[in-house]
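S.K.: From first to last, the protein sequence lines are chains A, B, C and D.
If you're matching positions, the first sequence starts at 1 in our numbering and goes up one per residue.
If you're matching positions, the second sequence starts at 139 in our numbering and goes up one per residue.
If you're matching positions, the third sequence starts at 270 in our numbering and goes up one per residue.
If you're matching positions, the fourth sequence starts at 515 in our numbering and goes up one per residue.
Hint data in this document are derived by calculation from the structure and do not stem from the laboratory.
Note that the coordinates shown come from a computational prediction; the quantities given were computed from them, not determined experimentally.
There could be a bad hint or two in this list.
[As the list claims (entries may be wrong)] With a straight-line Cα cutoff of 20 Å, these simulated DMTMM-like cross-link-like pairs (lysine to aspartate or glutamate) come out: (1) A:Lys-107 to C:Glu-482; (2) D:Lys-824 to D:Asp-843; (3) D:Lys-999 to D:Glu-693; (4) A:Lys-22 to C:Glu-482; (5) D:Lys-999 to C:Asp-317; (6) D:Lys-579 to D:Asp-595.
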Amino acid sequence: MKISSFKWLFGRNSEFWPTNMKTGMWAWVGHRLTGLVLVAYVFLHLSFISTASMAEGGADFDALMETTSQPLFVAMDFLLVIVVIYHAMNGLRVVLFDLGVGIRRQKLVFWITMAISAVLIVGGMLAIWHLVFPEGVA
Amino acid sequence: MSEQRVSTSKVAGTWAWAFQRISAVLLIVFLGVHLYAAHFMDVGAETGEEPLITFDEVSLRLDQLLYIVVDYGMLSMILLHGLNGFRTVLFDFDMFVRRKKLIDVTLWVVGIGTLIWGIVILFPFISGAGG
Amino acid sequence: MAEGDLTLKVQRFDPTADKLPYWQSFTLKTRPGMTVLDALFEVLNHQDGTLAFRFCCRAGVCGSCAMVIGGKVRLACETQVVQFLGKGDLMLSPLPHQPVVKDLAVDYTHFFDRLKRVKPYLVGKEPYPEKEYIQSIKERQLINDPIDCILCGSCTSSCTMAWTNSDYLGPAALLKSYRFLADTRDNVPDDRLDIIEGESGVWRCHTQFNCVEVCPKKLNPTEAIQKMKIKAFKRKLFGRRGTKK
Amino acid sequence: MYYHKILVIGGGLAGLRAAIESAPKVDTAIISQVHPVRSHSGAAQGGVNASLANNPAAKDDTWEKHAFDTVKGSDYLADQDAVEFMTKEAGPCIYEIEHWGCPFSRTDDGKIAQRPFGGAGYPRTCYATDKTGMYMLHTLWERSVKLNVPLYEDRIMVDLVVEGDAVRGVICLNMKTGELEQFMAEAVIIASGGSGQIYGRSTNALISTGSAQSTCYRRGVPLKDMEFVQFHPTSLFGTNILMTEGARGEGGYIVNNLGERFMSKYAAKAMELAPRDIVSRSIQTEINEGRGINGQDFVHLDLRHLGREKILERLPGIRDLAINFVDVDPIEKPVPIQPGQHYTMGGIDTDINGATKFKGLYAAGECGCVSVHGANRLGGNSLLDTVVFGKKSGQVAAEYVLGKKAAKEGEGAMNKCLRETRDRIDGMLSRKGTENHSDIRAEMKETMIKKVGIFRDKPLMEEALANVRALKARFANITVQNKGKGYNLDLIRALELEGMLDVAEAIAVGALKREESRGAHSRLDFKERDDVKFLQHTIATYSPKGPVITYSPVKVTKYKPEARRY
Ligand SMILES: Cc1cc2nc3c(=O)[nH]c(=O)nc-3n(C[C@H](O)[C@H](O)[C@H](O)COP(=O)(O)OP(=O)(O)OC[C@H]3O[C@@H](n4cnc5c(N)ncnc54)[C@H](O)[C@@H]3O)c2cc1C
Ligand code: HEM
Ligand code: SF4
Ligand code: F3S
Ligand code: FES
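The following block holds chain A by itself, in its conformation from the complex (with noise of 0.2 Å):
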């Protein structure tokens, strides 16, 4: 009998409750789903620009684009942001771990790229925002 129960696999006494999960599993969990994330993304955005890309002209490209420096888009570039940058600095850490870099160190090599990822994501964000806000709107 196989106990395949929510209950009994994610409950308190699981590795899938939060304070039992390890380093390795989280830096797993979380590279799995942005890249089920960044995969989804792709096809927004290929229908994002699409939509406006198939009218003639390009007046609703740009149209398009003035939408982006809404608040709400700015937000989900910056999700945008921490997601692809966590995922390439892990999945680097990954490739390391392929090459027989760092494998017992493996929680060091992790903290290394997370130090790395949110240099990166802070400066995409300051990025975005002078992009976005060249004149430094609040």
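Starting from the structure of chain A, add chains B, C and D with the ligands where the hints point.
M.R.: Relative to chain A, chains B, C and D with the ligands alone:
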């Protein structure tokens, strides 16, 4: 008693894995170039003050072969990496392993379809500025 | 070595009678040096004769008694209860995602089937030498770690890849495979790589490191798996000659 | 009904080795209570003896010297033809296991490493760090996988089917389903390991209850030399997990509550490194005389003076065990230890081929008694015993089956036995007594260690015998709480206890009747060895009223009994 089963298919294992790593590293490069090109590079003087991406700007960029290559290359890389990754996720589950053939075919169709779609989308930009 | 009352919260399940598992609490007096296994025996002997769990050596070498103790997979016989005193109920549940025989005892059939698929035995050069194979101390060091595996199953049952993909060999079997690949006396590296490079082999590992976290012998299956990935890939690139010893 | 030509009961070293030998020739299956790799053999630490002469200090070691050491160690009770056979076969058997993959530690020139061990004239104990038993066990299991030997795990042999003078098969309890299963066979090899759990303070695994052994005993298979029980001086207080002799070899002290290194009183020269039985007796004397730490049943193994470096380098495993099991770091504190039951020298009476009184029934390993260990086993000889005689019994059983014309006889006997077993178990389940069998078990263990333990004398042993008999009577009045089928530990432990009580009685009676001190059997009222009366094996045969004791001669070839001094 218990039969010693030998692992199932070894058609794509190694290559799928290797490709995921190689495309990952390439993606970092592409992404860097793409972001730089899209947001930080001045293509023409008339857009200098305009931070937002505009149709004209994009068209201008896409006039140059390099950008066409970068954008299409990135798109296909993303698709290959993303769908290959998605395939990995699916095959972590018994129920999808059992439908391996179907999934492989579907993913190829979706991938190539999307690529064509992506290519077509950019036509207006390419022709837009050129014409 | 404090003494005091401890409440065990045990996941009970009898597949022939119960639909779903349930928790049951037992309170007992601890004594110095009491292990979780001792506590379970205390319950079995004096509170509830229907409790089921696996045990044998009670010295951490046979690998029978792995279970989830306080949110972490450990060997019951090696785990002192004193560290849990005053921290609320101590929860015990069977190895995750394994078929339960009863309560805390799980069925290892699938675990050993996975193991059997990797040719878990040395295939030496025949005819055998008159005496022993000569293996230098340095060569022996290559297998120092992986031979310590007691096949407790903690790693494979904590790897979600092995949960959802029943074909995946899992960290324990792959570590075993590595143990022979790395052994200088073994003569069939190509056969071994053939087995582990299939889609249900090493590529299914996504470096969760759960296996490393739970291993009671502090082994590192992930490292072995990664090394085998490289070996398999090199062979793909450079052909089989590269792997002959 | 299952049918295999040969059934091996037990997946320890002896059982696996037997199956590996017979499986390629004759259809063989292994039945085991636990998966083979979980067997108690995996706990063996020190090593296995063979005169390979790999160690530079043992260049001129030979099997004859090994044989002499073994016979002398046995206090001359071992059968010398068997000892010669074992020591001669030792080398080939070790090489064989090495070829199958056993990762022995290595010498500088890449050969199997060997270390010195107690009672041996040369460093001839082949080792694989401090986990020799585990590596050997895994190797043999791996070999059995290669040979595709069928395995029935989670099954406990609860009855032996004999008809006339031949064995027909066994009845097993499937622990998973709770059903009784019939296994029919032409030959049965019992390799079920020791019965150390009869004693309190045992270093043995919790399943070393000798359940298969006692089952055979009850069906008329005689037991030999059961009174010889080895005690190891240093087992962890509380859990009685073994603290290897290496701890003393590296220079550890043993001290009592007054802080004295009391070994000076008992063995002024050798001190802590005196032979095992002497050290065990000395520690027990201190405890008996009230000089245990805090008046409790233990003394201290003090390693602190060795210093952190040396402990970490030479005794890391011991340190881990002490930290894990008694929460004591030997670097900072002395480790509480006491002598513990360690090995059963006696067992199912077999000849040099492992054959018993019944045709087709063999025994090998710790559950049997060929006798190569006599009154006292040397460290490193029991692992050797398991592989040498496991192999031999496998060979002989295969030949027996191949030479046999009739097959699959005795279905009637099988069915009759199944009915009897079912009645026995149903009877046990339906008892509604007031006794808790785990309490009876605890009392038996306490009685045996206290009264038929390291020191023995008549009044004590008579008390013990009376106690055991009283416990047997109380056993009739137990309740098995768990009436369920699957994994019914309550029932299994009750069944085990029933057998253990029988064997405990045989031990006590045999010990009472042996009025001498020899090897591990140390009597306060008969302090000398008596070769005139007792250079004989004790044979205990079951009867409902208690064991019937007879004696059989010891085979003496080259080595005439002399005083055993080290
Ligand atoms: C702590 C310790 C350290 C030791 N160190 C050494 C050493 O360094 N050197 C040395 O030479 N010796 C050593 N020994 C002794 C040695 O380990 C044992 O004598 C030997 O391993 C016994 O092997 P075996 O195959 O006979 O039995 P075991 O390994 O005990 O196997 C018994 C098998 O029988 C099965 N079984 C039992 N009852 C039943 C039943 N009723 N039905 C079905 N199956 C059953 C069990 O499942 C098990 O598989 C040590 C012993 C201990 C306790
Ligand atoms: C930007 C650089 C990127 C890097 C460095 C990168 C790296 C990686 C790596 C190394 C893996 C393999 C993980 C493993 O096997 O455990 C992976 C998986 C994956 N990637 Fe990326 N990736 C990047 C971008 C993307 C993008 C843009 C997408 C979306 C289209 C994407 C989608 C996925 C998916 C779906 C997976 C599978 C998830 C999994 O196996 O857990 N990745 N990525
Ligand atoms: S690798 Fe560790 S966790 Fe996995 S089976 Fe072996 S000992 Fe257990
Ligand atoms: S937990 Fe599983 S995913 Fe890999 S690192 Fe260990 S095998
Ligand atoms: S009982 Fe053997 S490892 Fe716990």
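S.K.: Hint by hint, say whether it matches the structure.
M.R.: Structure-based check of each hint:
1. A:Lys-107 to C:Glu-482: Holds, because 11 Å separates the two Cα atoms, which is no more than 20 Å.
2. D:Lys-824 to D:Asp-843: 14 Å, holds
3. D:Lys-999 to D:Glu-693: 7 Å, holds
4. A:Lys-22 to C:Glu-482: Distance ~8 Å between Lys-22 (chain A) and Glu-482 (chain C) Cα, so the pair holds.
5. D:Lys-999 to C:Asp-317: Measuring from Cα to Cα gives roughly 15 Å; hence the hint holds.
6. D:Lys-579 to D:Asp-595: Distance ~14 Å between Lys-579 (chain D) and Asp-595 (chain D) Cα, so the pair holds.
This entry satisfies every hint, going by the numbered hints stated previously.
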